[in-house]
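**Q** Residue numbers (the working numbering), protein chains in the order written: chain X, 1 to 344; chain E, 345 to 688; chain H, 689 to 1032.
Quick caveat, the hints were computed from the structure, so don't treat them as lab data. Quick caveat, the model's predicted, so the values are computed rather than measured. Do not take every clue at face value.
[Claimed, not checked] Here are the simulated lysine to aspartate or glutamate pairs, EDC-like style, with alpha carbons at most 16 Å apart: (1) 547/E / 668/E; (2) 691/H / 634/E; (3) 294/X / 196/X; (4) 3/X / 851/H; (5) 3/X / 1002/H; (6) 3/X / 978/H; (7) 3/X / 879/H; (8) 691/H / 658/E; (9) 347/E / 290/X; (10) 691/H / 540/E; (11) 982/H / 885/H; (12) 917/H / 658/E; (13) 691/H / 356/E; (14) 347/E / 191/X; (15) 547/E / 637/E; (16) 837/H / 766/H; (17) 691/H / 535/E; (18) 347/E / 197/X; (19) 169/X / 298/X; (20) 547/E / 660/E; (21) 3/X / 766/H; (22) 149/X / 78/X; (23) 347/E / 202/X; (24) 3/X / 893/H; (25) 347/E / 196/X; (26) 347/E / 205/X; (27) 229/X / 1002/H; (28) 510/E / 679/E; (29) 464/E / 356/E; (30) 691/H / 546/E; (31) 114/X / 283/X; (32) 347/E / 317/X; (33) 691/H / 661/E.
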Amino acid sequence: MSKTNPGNFFEDFSIGQVIDHATPRTVTEGDRAVYGSLYPTRFAVPSSAAFAASVGLDPHPVEELVGFHIAFGKTVPDISLNAVANLGYAECRFVRPVVPGDTLRTSSTVIGLKENSNGKSGVVYVRSTATNQHDEVAIEWARWVMVHKRDREAAAPATVIPELVKALKPSDLVLPPGLDFTSYDFGAAGETHRFDDYAVGEKIDHVDGVTLTDPEHMLATRLWQNTAKVHFNTQARPDGRRLVYGGHIISLARALSFNGLANAQFIAAINAGAHAAPAFADDTIYAWSEVLDKAETDVPSVGALRLRLVATRDRDESMTLRGEDGKYAPGVLLDLDVWALIPR
Amino acid sequence: MSKTNPGNFFEDFSIGQVIDHATPRTVTEGDRAVYGSLYPTRFAVPSSAAFAASVGLDPHPVEELVGFHIAFGKTVPDISLNAVANLGYAECRFVRPVVPGDTLRTSSTVIGLKENSNGKSGVVYVRSTATNQHDEVAIEWARWVMVHKRDREAAAPATVIPELVKALKPSDLVLPPGLDFTSYDFGAAGETHRFDDYAVGEKIDHVDGVTLTDPEHMLATRLWQNTAKVHFNTQARPDGRRLVYGGHIISLARALSFNGLANAQFIAAINAGAHAAPAFADDTIYAWSEVLDKAETDVPSVGALRLRLVATRDRDESMTLRGEDGKYAPGVLLDLDVWALIPR
Amino acid sequence: MSKTNPGNFFEDFSIGQVIDHATPRTVTEGDRAVYGSLYPTRFAVPSSAAFAASVGLDPHPVEELVGFHIAFGKTVPDISLNAVANLGYAECRFVRPVVPGDTLRTSSTVIGLKENSNGKSGVVYVRSTATNQHDEVAIEWARWVMVHKRDREAAAPATVIPELVKALKPSDLVLPPGLDFTSYDFGAAGETHRFDDYAVGEKIDHVDGVTLTDPEHMLATRLWQNTAKVHFNTQARPDGRRLVYGGHIISLARALSFNGLANAQFIAAINAGAHAAPAFADDTIYAWSEVLDKAETDVPSVGALRLRLVATRDRDESMTLRGEDGKYAPGVLLDLDVWALIPR
């Protein structure tokens, strides 16, 4: 029998199946530095230990997406090595900040299965949980992915489609323990806009753009120990191009959103996410946001903004998400729906 | 009103104006590693904690330019986002070594203004100071930059051109507290040449060259949270090329200067600096130095060399700074005048 | 006299000569992160401090090749700056794990010399030892390299060819102090295969491939402070291409070997190594392994596998090392013979 991992195919999954993913990973200050070299991020909390301490966070957390990409990367060899496409995310909560020295592990449970009518593939829904070395939950999320069948003749499983909420309720959000924006230094953070300055329906063009290169997205994707071949190997796709890991676009869009949302310091939740189109080297990526909702939290100084964060290929000053046909507009790459925490 | 930062234009600056720049940044061992992957640096003090301790420096400082680029990067969104060109540096002193765990902030004061006769732009002179989390000054410098006007009709300010010294006096230099080269290990440092081995007027061809790539200079520039669009976005310039951040060339030249100046362990001051020409991917960068002056310091084992560090596109074994017309020779990219500390 | 280092030429070496190499280098958590961004490595011990502690290793060692490349890089300016080719390695032992905070130095002794019949170059054999800040040996190895003569007329030295064993005996291996695989968590490590599951003669195709880029191998090679011009400067070779540092291929092949050898957690020794052909950007690198031998160790839970690790340009599912002419098959880039430690 071969000793290498062929990954799981659609017929290998069953409802209720629990998969403890391999390769626990310790987060370090090195990850913060490499992340900072890959993305133009300037949020004051992950940038400055002194600023983080001033809002109640000591030790110094890394950016939420550092934890997310590491935790997500663990699932790839078991869940999506034979994926056709990563279809969506839901119900992602950042439950506990990740700090250097934390070791993350991820476990997933299969919560849904639906074979496609073509008999060649199916959709697998999993709920994943990342825990630290103290067995505390750090991050949890659901995602669904289209996976090839190994054998077209394999019997289709009973269809189970999990109920996933369209957006987490504000009361579902978990604030970082100790977080308090009472003494928040807006000057140090880079912008004066606070919770009350944002209105539901408001759109923000984040203005800046970054042109992608292959080495950069590979450095990022490896940092997360994501093993999907299409990101690294020009022989893995007919077009000879390397597909950019979707998480690279998420981090890039989040970093670009600093310009206009500098005080949206934390992502508390990802309500939904879709990679609308693939990205490749030489694409220039821009981002815009729309305020979808606003809510108070248990901490009086902390508000929550529900934001749609959209990444586009080339700049779209009209900030159009969908065409008249209801489909994503041509340049849209990412449509991410998040709850972010901001000073009131 | 737009929530994004348009940067300041020439008419937004006024003499005496103080700007506290955003995004404090904590320096980590990760920065040292990323810096070491970007530049061929081998100076023994920043390379080795044990060597640093042997010359009186514990904790282990990062290279002076790590602190400089971080501190400088903070000023970009406020000072030079709408810059035509970065014209020069002066009176830069490294007052206190930066060590991992330090959080740097930068503040600038406008010390000079001069509108250009074309009415489209003007020169802004600022003096900037980087402080650590203990409010101790780490680095201070002046620079001047040509900045676009937003409105050509805006009234010209009174012209104020600050007096900046051509070079700091040796007595102005601040040595790292505790520095003592008495037990300096020349074998470990890589060369035998000490203070007495260098003569004023001597030129040193540093021999080695490095061919630039886009991903590398972008990784560096992001690490410093420098947000100038032209470094990252191929759509930001008519020629579709990414302009290399001038600081990338400074660090590269400094690293290349190891070969011939391995014992010039610290940059104590930058007396003057000019980016004579832009650099782009595929340019091959070389460096040469000229000894401009020599001086004793308060510490008997420590001498100071005033050095002109020149970076060139392609190698110029003749080490020619200027042509007969007094202009920089065609390949010259950088002309940097520094005081460096070296064992006597 | 020139102040720059011209490197040593063949006639500069003499039997018994000891060279203490420059630039001690402190290893940090930053190196672990950068390494993880450059290579698709997922071995559980270097990835997770918690996993490492569970097998008796606390503090958390970095990957053996991190130490090797750093220690090796120190030797380049003195041994191989004027090398024609790096011919081979032997008798390399990893004597003590390298952990963040360790400062490595390297010293070499010339153990063999043989001038080539063409009178233009010769082979230099050195034995090198890397020690940490406590003067404990961390790594030791022999290598031989073909070096140019400065002066063709220089007299040939007496030929001395050292006796180097073809492979270290299992009893020569030094296990990391404290290592105990009794409580080894195969689920966390990523594969179930243990010592008894591997048979001598078995070959494993590691399946995955990575397409090289110039920025990535330069970042790696600089991280090790390796100064050989051909890796960085397109003007240093007639073909205008950057030669990939052989160690980059070693690390890449080792990382790819995770898929099939996930539990071969440590490289305890490199018995032999040859770079069969050069590698360049755009080459896609694959790896396969052959089990050459198996042995018990002093620790009952720890077995040793002797493995041939082969890197190839393009995938060779036939896993052919040599053609009928006895020469390396066309795609073979690296032939590395190692002892690796694996749970029994």
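**Q** Does each hint hold? Answer for all of them.
**A** Comparing the hints with the structure gives:
| no. | hint | result |
| --- | --- | --- |
| 1 | 547/E / 668/E | violated, 19 Å |
| 2 | 691/H / 634/E | holds, 12 Å |
| 3 | 294/X / 196/X | holds, 9 Å |
| 4 | 3/X / 851/H | violated, 37 Å |
| 5 | 3/X / 1002/H | violated, 20 Å |
| 6 | 3/X / 978/H | holds, 12 Å |
| 7 | 3/X / 879/H | holds, 8 Å |
| 8 | 691/H / 658/E | violated, 20 Å |
| 9 | 347/E / 290/X | holds, 12 Å |
| 10 | 691/H / 540/E | holds, 13 Å |
| 11 | 982/H / 885/H | holds, 11 Å |
| 12 | 917/H / 658/E | holds, 14 Å |
| 13 | 691/H / 356/E | violated, 49 Å |
| 14 | 347/E / 191/X | holds, 8 Å |
| 15 | 547/E / 637/E | holds, 12 Å |
| 16 | 837/H / 766/H | holds, 14 Å |
| 17 | 691/H / 535/E | holds, 8 Å |
| 18 | 347/E / 197/X | holds, 9 Å |
| 19 | 169/X / 298/X | holds, 13 Å |
| 20 | 547/E / 660/E | holds, 12 Å |
| 21 | 3/X / 766/H | violated, 43 Å |
| 22 | 149/X / 78/X | holds, 14 Å |
| 23 | 347/E / 202/X | holds, 11 Å |
| 24 | 3/X / 893/H | holds, 9 Å |
| 25 | 347/E / 196/X | holds, 13 Å |
| 26 | 347/E / 205/X | holds, 9 Å |
| 27 | 229/X / 1002/H | holds, 14 Å |
| 28 | 510/E / 679/E | holds, 14 Å |
| 29 | 464/E / 356/E | holds, 14 Å |
| 30 | 691/H / 546/E | holds, 11 Å |
| 31 | 114/X / 283/X | violated, 34 Å |
| 32 | 347/E / 317/X | holds, 14 Å |
| 33 | 691/H / 661/E | holds, 14 Å |
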